[in-house]
Structures are given as C-alpha cells and as structure tokens.
Amino acid sequence: MVGGVGRKEDRKTAYDAGMMKIAYYPGCTLKTTARSFEKSVIASYRVLGIEYIELEKWTCCGTYFSLAKDDLVHHIASIRNLIRVKEAGYDRVVAPCSMCYNTLKMANEEVRNDEEKAYRINSFMDEEEDYRGDVEVLHPFDLLREVGMDRVRGAVKKPLEGLKVMPYYGCMLVRPEIAALGKGELPGIMEDLIKALGGVPVYTPYNIECCGSYHVVSNPDFVMARARDIAKKAVMEGAEVIITSCPLCHYNLDRMQLEAKRKWKDFKEIPAIYFSQLMAIAFGLGKKDIALDGNYVDPRPLFEAKGLV
Amino acid sequence: MKDGVGAKGKKVANTAMNDEAEEEKKKVTIYIMGKAYEVPAGLTIMKAVEYAGFQYIRGAGCRAGFCGACATVYRKKGDYKLYTALACQTAVEDGMYLTQLPFVPANKAKYDIEKIEVSPNTLIKFYPELVRCVSCNTCTKSCPQDLEVMYYIQAAIRGDIEKVAKLSFDCIQCGLCAIRCPAEIAHYHVAQLARRLYGKYMSPTPKHLLERIKEIESGKFDREMEEIMKMSIEKIKKMYAERDIEGATEARAKAEKD
Numbered sequence: 001m002v003g004g005v006g007r008k009e010d011r012k013t014a015y016d017a018g019m020m021k022i023a024y025y026p027g028c029t030l031k032t033t034a035r036s037f038e039k040s041v042i043a044s045y046r047v048l049g050i051e052y053i054e055l056e057k058w059t060c061c062g063t064y065f066s067l068a069k070d071d072l073v074h075h076i077a078s079i080r081n082l083i084r085v086k087e088a089g090y091d092r093v094v095a096p097c098s099m100c101y102n103t104l105k106m107a108n109e110e111v112r113n114d115e116e117k118a119y120r121i122n123s124f125m126d127e128e129e130d131y132r133g134d135v136e137v138l139h140p141f142d143l144l145r146e147v148g149m150d151r152v153r154g155a156v157k158k159p160l161e162g163l164k165v166m167p168y169y170g171c172m173l174v175r176p177e178i179a180a181l182g183k184g185e186l187p188g189i190m191e192d193l194i195k196a197l198g199g200v201p202v203y204t205p206y207n208i209e210c211c212g213s214y215h216v217v218s219n220p221d222f223v224m225a226r227a228r229d230i231a232k233k234a235v236m237e238g239a240e241v242i243i244t245s246c247p248l249c250h251y252n253l254d255r256m257q258l259e260a261k262r263k264w265k266d267f268k269e270i271p272a273i274y275f276s277q278l279m280a281i282a283f284g285l286g287k288k289d290i291a292l293d294g295n296y297v298d299p300r301p302l303f304e305a306k307g308l309v
Numbered sequence: 001m002k003d004g005v006g007a008k009g010k011k012v013a014n015t016a017m018n019d020e021a022e023e024e025k026k027k028v029t030i031y032i033m034g035k036a037y038e039v040p041a042g043l044t045i046m047k048a049v050e051y052a053g054f055q056y057i058r059g060a061g062c063r064a065g066f067c068g069a070c071a072t073v074y075r076k077k078g079d080y081k082l083y084t085a086l087a088c089q090t091a092v093e094d095g096m097y098l099t100q101l102p103f104v105p106a107n108k109a110k111y112d113i114e115k116i117e118v119s120p121n122t123l124i125k126f127y128p129e130l131v132r133c134v135s136c137n138t139c140t141k142s143c144p145q146d147l148e149v150m151y152y153i154q155a156a157i158r159g160d161i162e163k164v165a166k167l168s169f170d171c172i173q174c175g176l177c178a179i180r181c182p183a184e185i186a187h188y189h190v191a192q193l194a195r196r197l198y199g200k201y202m203s204p205t206p207k208h209l210l211e212r213i214k215e216i217e218s219g220k221f222d223r224e225m226e227e228i229m230k231m232s233i234e235k236i237k238k239m240y241a242e243r244d245i246e247g248a249t250e251a252r253a254k255a256e257k258d
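Top to bottom, those sequences are chains A and B.
Numbered by this note's numbering, the letters in the first sequence go through residues 1 to 309 in order.
Numbered by this note's numbering, the letters in the second sequence go through residues 1 to 258 in order.
Hints are not guaranteed to be accurate.
As the list claims (entries may be wrong) - Below, in silico cross-link-like pairs of lysine-lysine (DSS-like), each with a Cα-Cα straight-line distance of 27 Å or less:
1. B:K166 x A:K31
2. A:K57 x B:K81
3. A:K158 x A:K287
Hints in this document: simulated from the structure, not taken from any laboratory.
Given the structure is predicted, the values throughout are model-derived calculations rather than measurements.
Kindly produce the complete structure, drawing on both the sequences and the hints.
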C-alpha cells in the first residue's frame with residue numbers, strides 16, 4: 001500500500017501526524033473550466049491536513065449515471081476509475097465535482113448491490129482485476145464531517161464576519177438517496193461549514209432546486225430563467241454570495257445571470273463561487289489558491305469591500 | 001496444401017541435426033483468410049504469409065515495426081478474442097487465424113495547419129465523434145505499440161493537447177485502434193492533429209535550433225558543403241564509415257572491454 005494512506009486504522013495516525021492522504025479524482029471540468037475549484041479545494045483541504053493525491057490515470061466518469069437498466073457500458077468508465085484507485089493503493093477516493101461524485105458513487109453502489117451487473121461489467125473489463133465496490137467514494141463534504149468542524153474553525157484566519165451565504169446543493173449531492181450526502185432533503189453540511197467559517201447560512205426554497213443542468217446546451221432560456229429565480233430568491237433572503245460544489249450548477253448560475261441581466265434590466269446579480277473558495281478565503285490563503293478571477297459575476301468587489309481578500 | 005514449402009525446402013545432412021535444423025523442422029499451422037498453411041515456427045506473420053506463397057502488394061512497408069503498414073487481426077484456436085498486431089513484428093503461433101488490413105478507411109478531417117486557432121475545443125471541432133468515447137479501453141488493447149490510447153482520447157476530450165501529443169508520440173498510424181473502436185473514433189488522426197498543433201503552436205522553440213539556423217543562413221557551413229560536393233564517392237564513404245557519432249566511440253570501447 002502506498003504510504004499507509006487509505007486503510008481505516010492508518011487514517012487516525014495519518015491525521016494525527018498532520019497529513020492524511022487520499023486518492024483524488026479530478027474529473028474533466030476541474031481540469032478545464034473549473035480550475036478555480038481545483039486550486040481552492042486542494043489548497044483549503046491541505047490546511048485541514050488532508051492531501052489530495054491525484055490518480056495517475058483517470059478518464060471521464062461518464063458525466064451522468066445512466067438509469068437505463070441494460071446500459072452497462074456507460075458504467076465501465078466509473079468502475080475502471082475506481083479500480084485505478086485500488087491499483088494506486090487507496091481504498092477511498094474523493095471527487096469534488098458533484099456530477100463526478102454522484103456518477104462514481106452510483107456506479108459503485110450498482111456493483112455492490114447487483115451481482116449480475118457486477119459480473120457483466122467485470123467480464124467486459126477482462127484485463128483489470130475484478131471489482132466489487134470495495135472503494136469508498138467520498139465528496140469533500142464527507143471529509144469535513146470526518147475531520148470535524150472544530151478543526152475547520154481552528155483553521156480560520158479571516159472569519160467571514162457574518163457574511164450571508166446561500167448554500168446551493170443542487171441535485172447531485174442530495175438525489176437519489178443512495179448517493180445522497182445525508183438522510184432527508186437537506187444534508188446540512190454546507191450550513192455547518194458556513195457557520196464554522198464565521199458566516200451565516202441563508203435558507204431559501206431553492207437550496208436543493210435543480211439549476212436546469214445540461215439543458216443549458218439545448219434550451220439556454222429555460223436555464224436562464226432558473227438561474228434568475230434562484231439568484232432572485234437568494235438576494236431576497238439577504239444572501240450576499242452563493243456557494244456550490246457543482247461546476248455545471250456554477251456555470252449555469254454564474255454565466256446565466258449575465259444573460260438574465262441583459263434580458264431583465266432590474267435583475268440584481270449575486271456572485272456564485274465554489275465552497276472551497278470560501279474556505280480558502282476564510283483560511284487566509286493567497287490569491288492564487290482562492291482563484292476568484294474566473295467568474296462572470298465578479299465576486300471580488302464583495303470580498304474586497306469586506307477586507308477578506 | 002503446401003504452397004511455397006518446396007521453395008524453402010532444405011536438404012538436411014545425414015549427420016546429427018543441429019538446433020537450427022531442428023527449429024526449421026518444427027512447423028505450425030496458421031490459417032490465412034480461413035485456409036490452412038503449414039509454416040516454420042519462429043517466422044513473423046509477414047514472412048509466414050510470404051512463405052505460404054502470397055506476395056504483398058499493399059500492407060507491407062518498412063518490415064521493421066516503424067511504418068504501421070502491416071496491421072493484422074487474428075484469433076487463436078479456441079479463443080474468442082480478436083488480437084491485433086503488426087505482421088512484421090509478431091511471430092506466428094500454432095492455430096492462428098489471420099488477416100491483414102491493407103487500408104483503414106477512418107475519418108480524416110481536412111485542415112490547414114497554418115490557419116487553425118488552438119483552443120481546448122480544437123480537437124473536438126475537427127473530430128466531434130470524440131465525445132462518443134465511453135472509456136471501454138478497446139483502443140488501448142488493440143494498440144501494437146502499447147500506447148495508452150484511451151487516455152489520450154480522454155485528454156483530447158478535455159482539450160489537453162499537450163498530453164495527447166506526448167501520450168501518442170510513438171503512434172505509427174496503423175489504424176487498428178480506429179477499426180476496433182465502438183464509437184468510431186479515428187484515434188490516430190486525432191493524435192496526429194494534436195502533435196501537429198503541439199509542435200507548431202505550443203512546444204517551446206529550442207534556442208539552439210534558432211542559433212543553428214542563423215549560422216546556416218549566414219553561410220558558416222557553406223565551404224564544408226562545397227568540399228563534400230567535390231569529393232569522390234569513395235572518400236565520402238570512408239568519411240561516413242569513420243565518423244564519430246556522439247558517445248558511440250565510447251560505447252564501442254566499453255562493449256569491447258566487456
């Protein structure tokens with residue numbers, strides 16, 4: 001096993017020593033349009049004593065978990081990525097992108113719970129070792145629960161001083177139940193995080209509403225209207241910024257607000273950033289790690305005005 | 001059937017057979033496009049096909065594993081798998097059913113390399129079928145060069161042109177990946193575009209090359225060239241044979257010592 005990193009018994013020792021290593025699955029978007037997510041999530045988790053070790057070999061997760069019962073070929077990418085995690089000597093992998101997290105987790109549960117499908121997928125991938133779901137798929141939020149909010153609070157150098165933050169879960173972290181971060185509709189983890197960073201979570205009926213997802217390709221007006229509704233509600237409830245962990249939600253909320261502003265002159269924008277950027281800000285990290293420069297609705301004025309960046 | 005066997009037949013002396021002759025005697029049965037032929041073990045597929053009496057008009061090139069012309073598909077008796085290989089680099093095995101692909105009709109985009117705008121979407125623009133990849137890994141399994149074909153296709157989808165260029169560097173364009181791909185991607189053409197883009201627009205220009213070009217253009221080597229042009233063939237041959245390749249003299253000395 002590489003570096004005594006994965007197994008449960010080694011984990012406590014690793015944490016105690018100040019650096020717990022975990023296999024990191026980036027996914028395509030964190031390497032392209034969501035570089036700010038990758039930079040900030042790696043940097044902020046390092047502060048918490050968690051080091052993301054990127055898999056040497058990985059492919060697209062498949063983007064979504066195909067729900068057609070006989071569409072096994074679309075699970076192969078996910079399963080092979082999990083096999084690569086094992087080959088690298090880990091038994092857990094963290095996937096920050098909500099879509100990747102959901103897809104990997106669903107595929108993992110599929111081979112755990114359906115012997116016949118597992119058999120068919122494994123016999124197709126005849127060059128890899130058989131896989132039966134023995135890797136744990138985690139979201140960075142799972143790791144927050146593991147280290148505890150005391151540790152997060154302890155890492156805060158620039159408390160958010162009551163900054164009002166809307167935690168936007170979207171769909172992939174809460175649906176379906178088998179992949180959900182917690183039981184019930186609201187996992188609550190983002191709220192706990194916001195509080196630990198010194199902010200105030202803002203509840204709206206849209207916290208777990210769908211952003212319109214990939215309809216942005218074929219029906220951008222529909223997604224624009226959804227982005228408008230979500231942003232409008234956030235502003236109405238007093239939020240100053242929206243946080244998310246999904247690059248697609250982020251794109252839809254960020255970019256489509258620009259379109260909404262063009263269409264409805266009195267529309268008031270609200271910046272949307274990744275939760276890890278908020279962590280990096282509160283942890284007092286450098287500009288490169290916070291990476292606030294890639295947004296359509298510029299979040300910098302807000303944080304500059306508050307003296308946080 | 002025994003096409004060609006006579007031509008290769010060899011009289012063996014009455015004395016005890018040496019190992020080479022023993023090897024020569026050992027025959028394997030291969031099936032070329034369904035028909036059985038007995039050929040000496042140890043031959044490459046290409047030589048075995050010729051031994052059997054066929055003549056290559058297409059599907060053979062350098063005969064040294066570099067040109068990618070001799071893409072071969074085969075199966076072994078009792079095995080469902082379709083294997084791929086270069087005919088000039090792979091030894092025959094008993095019970096091989098084989099055929100060769102003289103040409104792969106893969107989709108090839110037209111472009112003017114001088115006029116391409118490089119962006120993360122460039123490869124997808126010319127080869128939109130890239131996104132049909134489901135990571136089945138069939139391409140990687142089919143590659144006779146043992147390249148990580150699937151991983152460079154995945155890099156291509158992400159627009160990581162540099163990674164595509166580097167992972168595909170040893171591609172010899174045989175086309176076996178494309179012929180096996182269930183998503184009908186033309187991997188080798190995508191990779192070639194990536195290497196061209198990387199070479200032209202992305203890789204750093206080496207300083208020493210620019211300096212050398214300047215030297216050449218300023219006429220630094222003109223006199224030497226003129227001298228060589230006037231030399232006799234014999235003298236040029238001698239010079240060539242005696243030339244010192246960087247490190248070669250040293251390596252030779254070491255080999256002799258060992």
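Output the indices of the hints that this structure fails to meet, ascending. none
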